[in-house]
Amino acid sequence: MAMDKTFDANTAEPRIYQMWEDAGAFKAGANARDGASTYCIMLPPPNVTGHLHVGHAFNHTLMDILIRWKRMQGFDTLWQPGLDHAGIATQLMVEKDLAATGQPKRTELGREKFLEKVWEWKAAKGGMIEQQARRLGDSMDFSRSAFTMSGASSAPDTEKSGNFHDAVLQVFVKLYNDGKIYRGKRLVNWDPHFETAISDLEVENREVDGHMWHFKYPLANGATYEYVEKDEDGNETLRETRDYISIATTRPETMLGDGAVAVHKDDERYNPIVGQLCEIPVGPKAQRRLIPIITDPYPDMTFGSGAVKITGAHDFNDYEVAKRGNLPMYALMDTKGTMRADGKPYAEEAAVAQAIANGEQTFDEAMIAAMNMVPEEYRGLDRFDARAKVIADITAEGLAVMHDVTRTVKNDDGEKVEVTETVPMVENKKIMQPFGDRSNVVIEPALTDQWFVDTAQIVQPALDAVRNGETKIMPESGEKVYYHWLDNIEPWCISRQLWWGHQIPVWYGPDVVPNFGGITFLDGPPDETSAVPTSRPSFCELTEEEAIKNARAYYESKLNKPVTISICESSGFDNQTVADAGDHYSVNLYRDPDVLDTWFSSGLWPFGTLGWPAENEAMKYFPGDVLITGQDILFFWVARMMMMSNAVLDENPFHTIYLHQLVRDAKGEKMSKTKGNVIDPLDMIDAYGADALRFSNAQMAALGGVLKISEDRIKGYRNFGTKLWNAFSFADHYEIPNAGDTAMPQATQTLNKWIIGEVGKTRVAVDAALETYRFNDAANTLYAFTWGKVCDWYLEFSKPILQGEDEVAKMETQATLRWVLDQALIMLHPIMPFITEELWGTADTRAKMLVHADWPTYGAELVDADADAEMNWTINLIETVRSNRAQVHVPAGAKVPLVFTELEAKGQAAWDNNHVLIQRLARIESLKKVDALPKGCVTIPMPGGTFGLPLEGLIDVPSEIARLEKSMQKLGKELGGLRGRLNNPKFAASAPPEVLAETQENLRLREEEEAQLKAAIARLAELG
RNA sequence: GGGUGAUUAGCUCAGUUGGUAGAGCGCUUCCUUUACACGGAAGAUGUCGGGAGUUCGAGCCUCUCAUCACCCA
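Residue numbers for the first sequence follow the working numbering, beginning at 1 and rising by one.
FYI, nobody ran anything at the bench for these hints, they're computed from the structure.
Note that the Cβ used here is the ideal one computed from N, Cα and C, for glycine as well.
Don't take each hint at face value.
Unchecked claim - Pair by pair, the computed Cβ-Cβ distance ranges are: (1) Val930 / Arg963: 38 to 48 Å; (2) Ala614 / Trp485: 46 to 56 Å; (3) Gln460 / Gly234: 23 to 33 Å; (4) Ala36 / Gly972: 39 to 49 Å; (5) Lys5 / Arg920: 48 to 58 Å; (6) Tyr554 / Ala100: 23 to 33 Å; (7) Gly972 / Asp464: 23 to 33 Å; (8) Pro897 / Ala739: 22 to 32 Å; (9) Lys180 / Thr224: 52 to 62 Å; (10) Asn177 / Thr224: 58 to 68 Å.
To be verified - In silico DSBU-like cross-links for lysine-lysine, where the CA-CA straight-line distance does not exceed 35 Å: (11) Lys336 / Lys230; (12) Lys323 / Lys285; (13) Lys5 / Lys810; (14) Lys429 / Lys410; (15) Lys761 / Lys27; (16) Lys799 / Lys5; (17) Lys5 / Lys715; (18) Lys180 / Lys113; (19) Lys966 / Lys929; (20) Lys323 / Lys344; (21) Lys174 / Lys185; (22) Lys336 / Lys180; (23) Lys185 / Lys549; (24) Lys895 / Lys174; (25) Lys105 / Lys323; (26) Lys558 / Lys174; (27) Lys929 / Lys986; (28) Lys180 / Lys549; (29) Lys125 / Lys27; (30) Lys27 / Lys174; (31) Lys848 / Lys799; (32) Lys265 / Lys429; (33) Lys906 / Lys928.
Start from the sequences, fold in the hints, and give me the full structure.
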């Protein structure tokens, strides 16, 4: 059967993939030898909303190469796939879908109905990426595909099978009981669009054009001081009497929540007024708040005026200052980022705030949280409108810092004149502003009640694992980054005010104490700003039943009466939560409405996917082996898996972490829809086949390297596939039997011994490369072997034998050729699975599919040094003859004679063994011994003898001499270097002996070459 | 501002304990010769970012400067 001209990837790939899947070729443990060790890779779970992009295509390729390689080696492999429920992304997607299809909004649907919609969406549209992964050839065990929300109570029956949800709750409860999870009021990144806390990862800092306003905060009671500025030498540059302190800010609207003005303790300018009060220059005149001027290390004396307003509830730096100085942190905005409209009238709030600032009133967190420091005229304004109004109000009052600006304008007559105006000082400057990556709105730092993992308690094992080498991060620079982050780790905010996710398994009840004949509530009903008082009795349990059971026991012991417990919505939880029904009390509980950060569940991926906490055979795959993922999620995911695996199972989740960079376009730019430079891997697969894309990915995977994907390169590797294809077509053309599964031939022919040795070298090099995750080396080695050795030389060399009369040699060569091609298929398979499987299948019979073929173990013992030397000599001679022919423009088809003066025994043998090949490939008509090389002969210096091409009449003597002299020059430079080294006594003394020997041998060869070149030039000179 | 990395052929990049620079693509010339034009043959191109140092010897180690990229503030 004649083969097609090329491999038709578009039709063959789906067919082959189907064949693998039908055979269960990728199932956990498929092709495992008896008693094999496990080898497991966890796929970084893509978002359930995700599509395959170049980054996935890249790291999937690397994982698949490793898994296929290990599977062929007989390991008990598992490549665990799955999907991440991706809280915010999915919720957004479904909300958009509801809007687009004219359905009720999320808030109108309510939690339960909305979650139904999400599950419906997931069933219909989620997980597209798993189909796309199949197109890449990923050999994951899809039958085990995990989902981080599987087994959730909201899940429909079809999604109930998994138990990831159990794992998440189990870990939460365990960490809670161990005191490693707590609830508290902290400053977090708040997304005013989604009205939830978000993680640092979901915040994108962008440089935007911002402004810096300068305002005067008047000193209390009209006090004044001498404000002095000095230059570096201590000379006064400015002295004036001021009744204010100048503040620079990019966020004037937060002034309403200021708790103090801070200056550096070494800042002499403000020494006179530290400890005094100053006035926030905004709000009703009658209730202007006074705040203290304090010292703190945070203010930068050289930046702005050197004085900083401190708004603890709206800025991360200020928050730290406020904590140090025990300053009240007034929250000014609601969950939508509009100025608060709740609470008491401003006048009342301001009076209390003033008492606090004066030190006359104590305060606590809850009290401050309830206070609304927004004056009536600002209440309900959007934060940006509030900013504009604050600026306008302060400027109108004359409290903006002014400066003179001179500009050129045209007057009424059209003449240019200079006008100097005194205007508010506003600096235009680039500022880094945080945006929500999904919502695209400015993130507001917000002081809210959230759940935290006390990471300080669980970080140590994760750090130790890398420090003592149990887990290795590649490239090594990743380790430094890892230490830097973990050494300075912050508490991890794990609660999100979303619906799609793992609802926090904590139930709250009323705080009560028995009173004579009644109950006293220790805390009031939940209010708008602080839905869940921290002090409330809480019950953290795996199930509602457990929570009820424990709550009943708790309340019965407190109230000395039987108690019945029921569950209500948080919104329905109020004063009625304890009702006296005569013989018993009736107590309401409600569950914390928040869900867990998606990364909390992702952090459990290495074991949650394996059925933990259920007793499970699959747990043999934990810990896994290598994690391959993007450098960008080192903290958010990798570090957390390290911490969580250690905290829960006391083991590291993998021994190697391979980090790669972002995949960029050919110019090295980030891909983005707006730039229009996005390369879709599926388009590449359509155009060139998955193998080409995979080979390209492997080839660019240099450790720590920048990843630039280029279509030209992919095309080049498609061509490589065709080259391999044609090698098989060559075999068919020569009617070489293709029985399949042949043993390594016992070669007698030099040619065959040589190529078998090359196969051995290649196997060693490929394994060494893969063992050290040098995918590029593996790919390049295979490329050079297949194209540069097998196709360029071995197939060409084999032609005369295949066409010849020596049946023994022919049979041996046929067998060798088939064996060599099989080895190429086997070793290329992890990188190019489709085309190799297809070619494997062209044999008459095969014991197994290529995907399960045995990976070879032979190595350097296959190399026959003599055969190696002889074939290299032959190749060298052919190349030199070709080069010389081309140089003097001998027609490609013309056959020319070759002469020699003298051949040493080795040279003679090499010639005798290979002259047919040489004559054919170099187009040599005959070889004749001559006494002396004729005049006008091109000299070919070879080890073991000098050859000559008598091309008299064809050679342009002067240019040939010039060419030879150029070679001499180059050689001279090398000789100079070599001699210089050898003549240097220090070299002989300090260089290792093998380097010395190598250098001496090198010199000998170069000198020989030099002599031959000299002779050649001399001969030509005679002619000229 | 802090951290990490990069700078090697026209382009994109390799170059693993220091031993005297490579690949792919592109380019030039020739070739449709019986596996392959998604091919074959030949060829050109590098003061390895600048400067200094260590060494017998530096693309690789040290220092310094410059430029760029990314991460964090």
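(request) Starting from the hint list further up, note which numbers the structure goes against and sort them upward. (result) Per hint list: 1, 2, 3, 4, 5, 6, 7, 8, 11, 24, 25 and 27 violated.
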